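Heads up: the protein sequence lines correspond to chains A and B, in order.
Positions 1151 to 1585 (the numbering used here) are the ones given, in order, by the first sequence.
Positions 1151 to 1585 (the numbering used here) are the ones given, in order, by the second sequence.
Please keep in mind that the hints were generated in silico from the structure rather than gathered at the bench.
Be a bit skeptical, because a hint or two may be false.
Which copy is meant is left open, because identical chains are indistinguishable; a pair holds if it fits in one copy or across any two.
[Stated by the list, open to error] In silico DSS-like cross-links for lysine-lysine, where the CA-CA straight-line distance does not exceed 25 Å:
| # | residue 1 | residue 2 |
| --- | --- | --- |
| 1 | Lys1155 | Lys1301 |
| 2 | Lys1304 | Lys1184 |
| 3 | Lys1184 | Lys1489 |
| 4 | Lys1184 | Lys1560 |
| 5 | Lys1294 | Lys1184 |
| 6 | Lys1294 | Lys1560 |
| 7 | Lys1472 | Lys1184 |
| 8 | Lys1472 | Lys1301 |
| 9 | Lys1294 | Lys1472 |
| 10 | Lys1472 | Lys1489 |
| 11 | Lys1301 | Lys1391 |
| 12 | Lys1294 | Lys1391 |
| 13 | Lys1264 | Lys1172 |
| 14 | Lys1294 | Lys1155 |
| 15 | Lys1172 | Lys1301 |
| 16 | Lys1264 | Lys1391 |
| 17 | Lys1301 | Lys1184 |
| 18 | Lys1294 | Lys1172 |
| 19 | Lys1370 | Lys1472 |
| 20 | Lys1155 | Lys1391 |
| 21 | Lys1264 | Lys1184 |
| 22 | Lys1184 | Lys1391 |
| 23 | Lys1304 | Lys1172 |
| 24 | Lys1172 | Lys1370 |
Computed from a predicted structure; not experimentally measured.
Protein chains: 2
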Amino acid sequence: MEQHKMRIALLGMGTVGTGVVKLLREHYEIINMKTGLNVEVAKVLVRDASRSRPGLEDLPLTEEVNEILEDPSIQIVVELMGGIEPARSYMVAALRAGKTVVTANKDVVSEFGKDLYDAGDVGDAELYFEASVGGGIPVLRPLKESLSANKMQKVMGIVNGTTNYILTQMSQFGRPYEEALREAQALGYAEPDPTNDVQGFDAGRKLAILASIAFMSRVKPGMVYTEGITRITPRDIEYGKRFGWSVKLLAIGKEVDGQIEARVHPAFIASEHPLAAVAGSLNAIFAVGDPVGETMFYGRGAGAGPTASSVVGDLIAAALSKRTPGRRAGDACTCLFHKQVMDIGQVVSRYYLRLSCADQSGVLARIAEAFGAEDVSIANMVQGSGGPDREDTGEDAELVLVTHSVLEAKLQAVVRRLQSIPEVLAVENVIRVEA
Amino acid sequence: MEQHKMRIALLGMGTVGTGVVKLLREHYEIINMKTGLNVEVAKVLVRDASRSRPGLEDLPLTEEVNEILEDPSIQIVVELMGGIEPARSYMVAALRAGKTVVTANKDVVSEFGKDLYDAGDVGDAELYFEASVGGGIPVLRPLKESLSANKMQKVMGIVNGTTNYILTQMSQFGRPYEEALREAQALGYAEPDPTNDVQGFDAGRKLAILASIAFMSRVKPGMVYTEGITRITPRDIEYGKRFGWSVKLLAIGKEVDGQIEARVHPAFIASEHPLAAVAGSLNAIFAVGDPVGETMFYGRGAGAGPTASSVVGDLIAAALSKRTPGRRAGDACTCLFHKQVMDIGQVVSRYYLRLSCADQSGVLARIAEAFGAEDVSIANMVQGSGGPDREDTGEDAELVLVTHSVLEAKLQAVVRRLQSIPEVLAVENVIRVEA
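Assemble the whole structure, with the sequences as input and the hints as a guide.
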């Protein structure tokens, strides 16, 4: 096979960067046989070139990004620094200079994806970002290319491994949230400051990318409604099991009548749903389109190896594309429409509500009245002064209600009504139920 | 966006062909917006052009393939006739004439894939066949492209919806095979002559394609060990459930020490395995690679809509590629190695055996001796004169044994020994257990 030399540069040499270099070395021969490519890591941008990097002493390190941006022999820049700046500026500069950019950076892609494509237009350069969503799972290219004939109706993903690990531990062993979080931290699945994961912000950025591609419109992270998992209790999970449900942090995008729903929140799903079986730190993206119907993409959503798999997969595609002049056909922003992202109040869903009530006669009637006043109909109710696994104290009662599909704004009005009933001691939790 | 006219021809106008035309019409605008393509169906080859085709009266039908092959304005040929001939000859002729071929034909691709690529070399033409495996599921392009940096270790799929529907019915409702088959036939999921599906031949062809791509070596259908589902009974399924297993018709490809395993047979898998949740007529392909780890691709494996999704997805990629001269980089046969396909006797697996025995003392010792003589160790045993759901007749006993991992040849030797023990009335079933 014809041999092609390809000089690339890496920006950043953390866990993923190390994984990428390792993969390029270990699979050098296999990549060369498949593609005829000789990939040479010509420069690696690091903050401190003097730091010891065992096994990587021969890498050509630099602390000066211009050594990369101004080197015309470097054709592809792989950005693995993370965070917005300086990653964004470096990528824009590389693209404007005609260099293809491969990135795993969900922060920049979700917020500034259009700007990156625009910079690529200036330099006639390509952009690849499979690793920014779902780690090693091939999902963005399949959505964009294999499923390109479809009108996508829904994407629904478990795209954050930390929260899925925590919820799986809570579900399987009845552990409270705080305990499961500490365990995830001890195992390195959760950061010392877990906010970004447990509040759903990480998942929100990935959903922004998924929804932008699926619905061909710009969805930015700020447009995504986001709610974390910190209020989920083993008690809610137990009630869910009674109804045949599992709880997951879902990133949900839908197109409804030309408008987009984009929301990240914990939700109950039927235990038979393929997403319900996605356990531990695994990820999966479920997508529904016309005419393909249901599809799902499953695998490791994080970690050096899986992420490097996607980065180097992109790198190979990028390098193959460099063989022919111009950009790969179809390498363009999919944001062709300007569809409105709906306010969470406009979303239609089913809801699970858990209430603590004084154990007095007439309470149930007042609660039913609150639902009736907003035209919200109740599909299911479980009453017990104890509830599952709890001793009957004889003092306050617990009530779990599940609604039929209803506008979120109406449900919120019901909640306000419930909170004004003196015998309703607390609306302990409200959790959406996905079909 | 720049507009490109693309004249294509269809070979065959059955269910899938109709689905493709319908999709091209219904999503004309969306495809045009995404790609700038105006796809025009210039010719459709049919056997009988005079037949009435409601809603498709305006299609330019022909009974003469040369009107397509010799028309230089037709750049892409979509083959949807099925079967080997004349589909193979037409595709070879089209490729040699420089026309890109998109096909859903697993028979031709699995048997003559290399010949098609060779014909493409002659005409500098491309070949696309996503729809040949897994219907609407994007799996071949992700394997070939997104996961190209990996060394694949395993592909394991549920790639035949008919048999998965039958086994799901048997598992959920305890139905015997014959009854579930009749139901599948009544619903149109199974053919009047179901041999191709229930004996695993259809899955074998799809595995040949999957394994060829995953392991970069030629695996032809004749090299795939194939065993059907006709001997599975509700009784085996019940025992499996006791062990925490589900039964599936699995298409399994592995690379072990540079050799390939390629086999289709019913197998027990752990109920927690992501493939276990793939129910009814759905398909999924589970793949393991280094460094990506576990991945899975799930969706509708058949039907006009899902198949058309893959065909038109390929068609769009093909048309975009036609914009630039030459072939798309990476469009080549992956059969770069010549790896041996192992004989089934060389395969290592765990096995479930169900025996009928005379209820006499000393039988168990003789059975254990048969295993011991071949160095096959038993991991688990369930004994009962009745077995699950059966009345104790006091006459013959049933014994279920599960082995540790062992060479298939040794297991077969054990079976021969068991069959020569007079008190072993029958080796009722032997089913492989996948880890």
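Comparing the hints with the structure gives:
| no. | hint | verdict |
| --- | --- | --- |
| 1 | Lys1155 to Lys1301 | between (39 Å within a copy, 22 Å between copies) |
| 2 | Lys1304 to Lys1184 | between (35 Å within a copy, 18 Å between copies) |
| 3 | Lys1184 to Lys1489 | between (41 Å within a copy, 16 Å between copies) |
| 4 | Lys1184 to Lys1560 | neither (57 Å within a copy, 38 Å between copies) |
| 5 | Lys1294 to Lys1184 | both (23 Å within a copy, 10 Å between copies) |
| 6 | Lys1294 to Lys1560 | neither (36 Å within a copy, 49 Å between copies) |
| 7 | Lys1472 to Lys1184 | both (16 Å within a copy, 22 Å between copies) |
| 8 | Lys1472 to Lys1301 | between (30 Å within a copy, 24 Å between copies) |
| 9 | Lys1294 to Lys1472 | both (20 Å within a copy, 18 Å between copies) |
| 10 | Lys1472 to Lys1489 | neither (34 Å within a copy, 31 Å between copies) |
| 11 | Lys1301 to Lys1391 | neither (34 Å within a copy, 40 Å between copies) |
| 12 | Lys1294 to Lys1391 | neither (36 Å within a copy, 40 Å between copies) |
| 13 | Lys1264 to Lys1172 | neither (31 Å within a copy, 33 Å between copies) |
| 14 | Lys1294 to Lys1155 | between (28 Å within a copy, 21 Å between copies) |
| 15 | Lys1172 to Lys1301 | between (39 Å within a copy, 14 Å between copies) |
| 16 | Lys1264 to Lys1391 | neither (43 Å within a copy, 52 Å between copies) |
| 17 | Lys1301 to Lys1184 | between (33 Å within a copy, 11 Å between copies) |
| 18 | Lys1294 to Lys1172 | between (29 Å within a copy, 21 Å between copies) |
| 19 | Lys1370 to Lys1472 | neither (30 Å within a copy, 33 Å between copies) |
| 20 | Lys1155 to Lys1391 | neither (56 Å within a copy, 55 Å between copies) |
| 21 | Lys1264 to Lys1184 | between (32 Å within a copy, 15 Å between copies) |
| 22 | Lys1184 to Lys1391 | neither (48 Å within a copy, 43 Å between copies) |
| 23 | Lys1304 to Lys1172 | between (37 Å within a copy, 22 Å between copies) |
| 24 | Lys1172 to Lys1370 | neither (34 Å within a copy, 34 Å between copies) |
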